[in-house]
Amino acid sequence: MTGNPMTCEECRENLEAARRGELPPSRASALEAHLAACPACRRERERNERLAALLRSLPELSPSPDGWPRLAARIAREAPGDRRRSLLRVTAPALGLATAAVLAVFLLLPPASPPPPAILLAAGDLTAGGLPVSPGARLTLRDGAELAARSLARAEIESGRRLELTLDRGARLVLEGRGRIRLAAGRILARVRPGPGAMRFLLPRGEVEVTGTLLVVEAGSRRARVAVLRGEAAVVLGSHRLPVPAGRGVTVDLEGGAMTGPVPVDPWRIRDWCSSPAASLRADSSRITLTLANDKVAPLTLLRFDPADADYFLRIEGPEGTLEPVKVQGRMVVSGAREPGGPAWIRLLPGEAYRLTIDLGRVGLPPGTYRVRAVYRPYGDLPEQAWRGVLRSEPVTLTLR
Amino acid sequence: MTVDDDRELMVRVRGGDLAAFEALYARYRRPLLHFFHRLCWDRSFAEDLVQDTFFRLWKGRRRYRPTGKFTTYLFQIAKNHWLNEREKKARRISPLSLEASGRGESNGLRDTVRAPGRGPVGRALDRELGEKIAAATEALSEKLRLVFVLGQIDGMRYADIAEILEIPVGTVKSRMAHAEKALRGLLAPYLTPGE
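Chains as they are written, first to last, in the numbering used here: chain Z, 15 to 415; chain F, 184 to 378.
One or more hints might be untrue.
Some chain F residues close to chain Z (C-beta under 7 Å, calculated; not the full set) [as the list claims (entries may be wrong)]:
| hint | residue |
| --- | --- |
| 1 | 216 |
| 2 | 220 |
| 3 | 346 |
| 4 | 357 |
| 5 | 360 |
| 6 | 367 |
Simulated from the structure, these hints should not be mistaken for laboratory data.
Ideal placement from N, C-alpha and C gives every residue a C-beta, glycine not left out.
All chains, please: the whole structure from these sequences, using the hints.
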């Protein structure tokens, strides 16, 4: 018994139901009878089966392992709201002082919803949505807002999402909301304070999951890099999830879509970018000023010039070639109100600078045009935490008459 | 797992049992992720939508009545949330939103449709195929897409889809046939014998 015969149209409408075993037996028999007699509908069935096979060939996604902790934390954050409602419901029939006390507790409870997203600019030259942001400005940012750094800039994002960012010059990112930041270009240093749920940095391809750590994320045109300096993060690319421990990094090939690592990040010299000072030199006819600035995010310890023995050597390239180091006397100034941090070294907080001014009147150079380059090279018994690199300023031209 | 198991767990959730809720989460996070990902092709967004759906389930737990299948109840919440979020996302002006992204750009939206452990040629083919499948499903109308994507969930029957979408079973069947016909057209080069 095959029931009523099927038309081609009916047959094609029922092919998927038949494949899924959802046709009643009488309809299934009618469909099979039609297929036996109709090559066109058989070809249709073959195409349907190939489509199903094609869709099955897509890899299964694995849910993020931090899903439950995130959800549980969200539920916990909402719990005061639940409690408030139940307190009010229970005490509503009561009158007088007891009710007032419960209501007072209710009013003093923190709001259940997090404050609106905001940015607090700590230092640097930053634009939001293409408009410049004044230092110290506090802005409310909507999802989709773009931040860009024209110089090294530092920003603190408040949205219940405990995040501090340093953007390298040229870095561009988009705050996408829901704890997601899309890095469009350049390099950022991110300090994510531990808390519930993961924060996500979306790369041009793939993403980084961070639950509480210090890391550098860099997006170039052909590759992206993630370096974890403290804590742990994970780079997710497609169905791959690669945990990255502290001191290690991963490179994402944006063209080939492959990940390399985790490898030690020391050769990447990422730490230099995060915590080395910048040197600059200015000169006019009366003085030379050497500035060592901490324009990074971490405090920096430098060997200081000793003010008690304020003699410095200046290497000067003049018309007759490089002169012997000239002994000069300088004056040290630390920007801001703080005093130097120790007898032999100085601790510079982010944004602070250490300047040495050299009075050229005391040097006794003959008139002429000179090219001056400052070199800072700490030596001797350095304190453990002192920075040990060598800094060279860009040369400046000095004309003495 | 059985239908009764799910209902029993959800009844415990209604009473505030977080362990029962975790068990349901562990059971259904993967099919929900699959559902949302096939709708938006954005892994992060899909993960967030899964979180939101379970959060809504928890917040509305007191309204649960153990009358039908738990999965249809859960996917109804998911479907409603998807429709809301999709509308919001469409209204939002975002330079890197799903809508603004061009086909084939390396913006990471479709990088999740790739099989691991294959050679460079295999990976390139997977990527191209993933792009095509994503583009093809996105080209479907919302009505067809929801029926089609729900139909890809393991164990989801036409009657369940009909209940979730609040449409007759016959409509599910005809929308599925339409969706498949459209997809066969869009993916024709990948459906030739021997591929």
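When the nearest CB of chain Z is found for residue 216(F), is that gap smaller than 7 Å? Constraint on residue 216(F) satisfied, holds at 5 Å.
Please check whether residue 346(F) passes as an interface residue: C-beta within 7 Å of a C-beta belonging to chain Z. For residue 346(F), the interface hint is violated, since the closest Cβ of chain Z sits about 14 Å away, which is over 7 Å.
Interface hint status, residue 357(F) versus chain Z (Cβ within 7 Å): Holds: closest Cβ of chain Z sits about 6 Å from residue 357(F), inside 7 Å.
Min Cβ distance, residue 220(F) to chain Z: is it shorter than 7 Å? holds (6 Å)
Taking 7 Å as the limit, does the beta-carbon of residue 360(F) come near enough to a beta-carbon in chain Z? Status holds, d = 5 Å.
Is the interface hint for residue 367(F) satisfied, with its Cβ closer than 7 Å to some Cβ of chain Z? This interface hint holds because 5 Å falls under the 7 Å limit.
When each numbered hint is compared with the structure, a violation occurs for hint 3 only.
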